[in-house]
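> Chains A and B, in that order, give the protein sequences. Our numbering applies: residue 118 is where the first sequence begins, and numbers increase by one. Our numbering applies: residue -16 is where the second sequence begins, and numbers increase by one.
No lab work stands behind these hints, which were simulated from the structure alone. Glycine residues also receive a C-beta, built at the ideal position from the N, C-alpha and C atoms. Any given hint could be a false lead.
[To be verified] Per the computed footprint, the stretches of chain A lying under chain B, defined by three or more beta-carbons under 8 Å from a beta-carbon of chain B, are: (1) 145 to 156; (2) 171 to 181.
[Said to hold, decoys possible] Examples of chain B residues toward chain A, derived with CB under 10 Å: (3) 166; (4) 170; (5) 377; (6) 395.
Each chain, written out:
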Amino acid sequence: MSIYFTKEHEWAKVNGNLAQVGISEHAAHELGDVTFVELPAIGKQVKQGEVLAAIESVKAASDIYAPLSGKVVKVNSTLDATPEQVNESPEQAAWMLELELSDPAEVGSLMNKEQYDAYLKSL
Amino acid sequence: MQLIFEQSVPGRKGVMLPASDVPRAAALPEGLRRAEPAALPELSELDLVRHFTNLSRRNFSVDTHFYPLGSCTMKYNAKVLENAANLFAPLHPLTALLPGGSDLCQGALGMLYDLAQMLADITGMDEVTAQPLAGAHGEMTGMLLIAAYHKAKGNQKKYVVVPDSSHGTNPASAAMVGYEIITIPTAPYGDMDMELFKQAMNSEVAAVMMTCPNTLGLFNPHIKEIADIAHSHDALMYYDGANLNAIMGKVRPGDVGFDVIHVNLHKTFGTPHGGGGPGSGPVGVKKALVPFLPMPCIVHDDDSGQLRVQTDSPQSIGRTANFFGNFGVMVKAYAYMIMLGREGLIQVSEQAVLNANYIKEKLKGYFELPYDQTCMHEAVFSASRQLEHGVHAIDIAKFLIDKGYHPPTVYFPLIVKEAIMIEPTETESKQTLDAFIEIMIEAAQLAESDPAAFAAMPVSMPVTRLDETKAAREQNVCCVG
């Protein structure tokens, strides 16, 4: 399983035609204390770059964009009661949902960990 | 301070009514009657007056404090405007809709008619509806008008384009009407990135929503080109009038290519808001959208020379508010415009822009100014220099509360890290601005010398630092009693 990142600071852990999705450490830190995560319905179809979920912190409400195209097959509903997981463990426990990918080749358009770190330094 | 329910004493009354000598009517059916008395506080009139007077003394308002809340235009609300609104208080809001009723309220109808004409004149639009009850309601009404326009033309439209500096209500209003949102990033100079805008435009774009000057307080010099590109795709230009206070009498949105605009009477035209009163968000449109305006509207009957109420029109989007909208707010805005006149309104904008630039120049040595240019009516700083010492924008806001200032807007616009958005408005004197500037400099110095001091602030208020995270995460709202 490999982890990939978007310029909008989502991550996708890709395993075959499945991908877990969440937001990066950097994004969680920038948002501040997360107070609410709005997860999509299971079965929702999204194209890469479309709005997939939303997240609210004490500072702002932000959209989360689909890092890859596909269908939502699982959501992490523990985030409903404990959104603070997004601050505590953004890239592990606070995975948000799982996508069944419709075009796994899109992974080529994402950044790997090294590229993402370099991108963060450039901001 | 005790809650009003805690002050309640069983049996205490504000008013002693005499025994009724009117025969009792048939009692309410059993099922509709209350089983127990309502849990209302029992107080004397004096208890009540003191409670609310004391509560009001703890409030921050324009009448008590400088209130430089960016994007909100918290200007002084002249008290004479309240008197003007009170003149109309006895008028029943449905009078004009009764048969023959419009003859009885020509003055009120005349006020509505003239207000719309004046707003059309200021914004460069052909007609104005004053029905919408607030800014976001105006946006939604505007987007419904745009959707009706495209539907009538048979246009297949799917998207609305907004810059990422926009007010959050812009994409929300467009989405409520059913459009998908395309967000355009801001270029390094502070305006919407023109290349990305051009790439995003296509024949399925219904409208481009702009705030100009934008939420960085910057006027977009490419606005005419943006409008031309939008119109080449038969997309309409929507102007968010929240920042109209910067440009009155200088630029008319209708002259630079905008087709629809909402204005906030409660921001630009001196009527109270922010808990002080309801808003009003009139919408102006160009000719092509006039057939879709909400009904009822006021029309001039050339035969009788009287004003009449038109209740129906075949392509109208229908009613968007009860009666004619927030009438009292309109009376105040009307009186404000009459009071200041054309020259006065121009001076309002000039003074508002001058005041913002004065603060910007005086503070830019102490706070980071991410877009360092001449601003319009507001200046956006970042607390990024203070953040190096662990002091956030929110800490500076709390510091200001202790010093007797309503904090500026913080963390908006979203594209500025640790944003502090200051809008002084035209109604503040140089002395007030200088005193505020001094306090802001004190905050910057304290951030360097003793950053830990901010953690407990505010210390002088009835409630000190609130746990905003806990309040948002563990929502436990209930009705007392």
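> Please go over all the hints and tell whether each is borne out by the structure.
Going through the hints against the structure:
1. 145 to 156: holds (count 4)
2. 171 to 181: holds (count 6)
3. 166: Result: holds, 9 Å to nearest chain A Cβ.
4. 170: violated, 15 Å
5. 377: holds, 8 Å
6. 395: holds, 8 Å
Checked against the numbered hints given earlier, this structure breaks only hint 4.
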